[in-house]
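Undergrad: Between the sequences and the hints, there should be enough to build the whole structure, so can you do that?
2 protein chains.
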Amino acid sequence: MAIAGPLKLNFQLLGPDGPAIGPGKALVMEAVDREGSIAAAGRALGMSYRRIWLLVESLNRQWRDVVVETRIGGGARLSPFGRELLDTYRNIERRMVNAAAGPDLDWLIAARADPD
Amino acid sequence: MAIAGPLKLNFQLLGPDGPAIGPGKALVMEAVDREGSIAAAGRALGMSYRRIWLLVESLNRQWRDVVVETRIGGGARLSPFGRELLDTYRNIERRMVNAAAGPDLDWLIAARADPD
Numbered sequence: 000m001a002i003a004g005p006l007k008l009n010f011q012l013l014g015p016d017g018p019a020i021g022p023g024k025a026l027v028m029e030a031v032d033r034e035g036s037i038a039a040a041g042r043a044l045g046m047s048y049r050r051i052w053l054l055v056e057s058l059n060r061q062w063r064d065v066v067v068e069t070r071i072g073g074g075a076r077l078s079p080f081g082r083e084l085l086d087t088y089r090n091i092e093r094r095m096v097n098a099a100a101g102p103d104l105d106w107l108i109a110a111r112a113d114p115d
Numbered sequence: 000m001a002i003a004g005p006l007k008l009n010f011q012l013l014g015p016d017g018p019a020i021g022p023g024k025a026l027v028m029e030a031v032d033r034e035g036s037i038a039a040a041g042r043a044l045g046m047s048y049r050r051i052w053l054l055v056e057s058l059n060r061q062w063r064d065v066v067v068e069t070r071i072g073g074g075a076r077l078s079p080f081g082r083e084l085l086d087t088y089r090n091i092e093r094r095m096v097n098a099a100a101g102p103d104l105d106w107l108i109a110a111r112a113d114p115d
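So the sequences go chain by chain: U and Y.
Start counting the first sequence at 0; every next residue gets the next number (numbering that gives the first Met the number 0).
Start counting the second sequence at 0; every next residue gets the next number (numbering that gives the first Met the number 0).
Quick caveat, the hints were computed from the structure, so don't treat them as lab data.
Careful: at least some of the hints might be erroneous.
Given that identical chains are not distinguished, each listed pair holds provided it fits within a single copy or across any two copies.
Below 25 Å or equal to it, Euclidean Cα-Cα: the simulated SDA-like pairs (lysine to any residue) are [claimed, not checked]:
id	residue 1	residue 2
1	K7	G74
2	K7	F80
3	K7	Y48
4	K7	A25
5	K7	V96
6	K7	E56
7	K7	R63
8	K7	R70
9	K7	A39
10	K7	G72
11	K7	D113
12	K7	V65
13	K7	L26
14	K7	R94
Here the structure is a predicted model, which means the values were calculated and not measured.
TA: In structure tokens form, the structure reads like this:
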């Protein structure tokens, strides 16, 4: 979920079996990249091992190339394709957040009620 | 939820008590505008009366002016402020969907796995 001030954006690309990428999968990819293993990524995100494993499995099934590579002896990393996928997703997301800016967004922000 | 081909967008503007507007509230506003009453709007959206009433109450509380006006003797409609709020939300949403288009979105779409 991209959050820019009061603006919250959830952008997904759908595949035949539901979302092929969205905010949750992007966070998983970033965590695997940072942590170097699926289990450590799950812990960093507060997800059960089962949940993150299912997300990784879904990523690897829904794209034409492998996204998260596991290594014999443990550890995991983003494939070059996974890196391009993540960067592309984040670029599009950033463009959408930037496109929201303008006088009408300023109007919307100012039109909210004052907190009680 | 705006859907443009395989792209799905959920854009919310947050207030102090959570989302002040998002896809669900925009649908409620459109349904009230079309149906002329909160109960009929709820039926059209397949929502319980309690659920749509809470969404309308949240809209009217979270913006500086009333959004949905109820009329003595029944019926409801969007206020002029509510109309401007809805149009502004849809304009920003449309701009975000348009901003997603480009070679990187085309790449993303083409990079999905073929259906099994």
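Undergrad: Each hint: holds or not?
TA: These are the hints, each one checked on the structure:
Proximity of K7 and G74 under a CA criterion of 25 Å is satisfied in neither setting, with 33 Å inside one chain copy and 32 Å between copies. With identical chains, the CA atoms of K7 and F80 are at most 25 Å apart between copies only, with a shortest distance of 22 Å across copies and 27 Å within one. Proximity of K7 to Y48 under the C-alpha cut-off of 25 Å is found in neither arrangement, the shortest distances being 27 Å within a copy and 27 Å between copies. For the identical chains of this complex, K7 and A25 are neighbours both inside a copy (15 Å) and across copies (15 Å), given an alpha-carbon limit of 25 Å.
In the homo-oligomer, the alpha carbons of K7 and V96 lie at most 25 Å apart both inside one protomer (9 Å) and across protomers (14 Å), since each shortest distance falls under that limit. For a Cα distance limit of 25 Å, the shortest separation of K7 from E56 across copies, 21 Å, qualifies, whereas the shortest one inside one copy, 27 Å, does not. In this homomeric assembly, K7 and R63 come within 25 Å of each other (Cα to Cα) only across copies, at 20 Å, whereas the closest approach inside a single copy is 29 Å. With identical chains, the CA atoms of K7 and R70 are never at most 25 Å apart, being 36 Å at best within one copy and 33 Å at best between copies.
In this assembly of identical chains, the alpha carbons of K7 and A39 never lie at most 25 Å apart, being 27 Å within a copy and 30 Å across copies at closest. Taking the shortest Cα distances, K7 and G72 never come within 25 Å of each other, neither inside one copy (40 Å) nor across copies (38 Å). In this assembly of identical chains, the alpha carbons of K7 and D113 lie at most 25 Å apart only when taken from the same copy (19 Å versus 31 Å across copies). When the C-alpha separation of K7 and V65 is checked against a cutoff of 25 Å, the pair qualifies only between copies, where the shortest distance is 23 Å, while the shortest distance within a copy is 30 Å.
Taking CA atoms no more than 25 Å apart as the test, K7 paired with L26 passes in both settings, with 15 Å inside one copy and 18 Å between copies. Taking the closest pair of Cα atoms, K7 and R94 come within 25 Å of each other both inside a single copy (14 Å) and across two copies (15 Å).
In summary, the structure is inconsistent with hints 1, 3, 8, 9 and 10 from the numbered list given earlier, while agreeing with the others.
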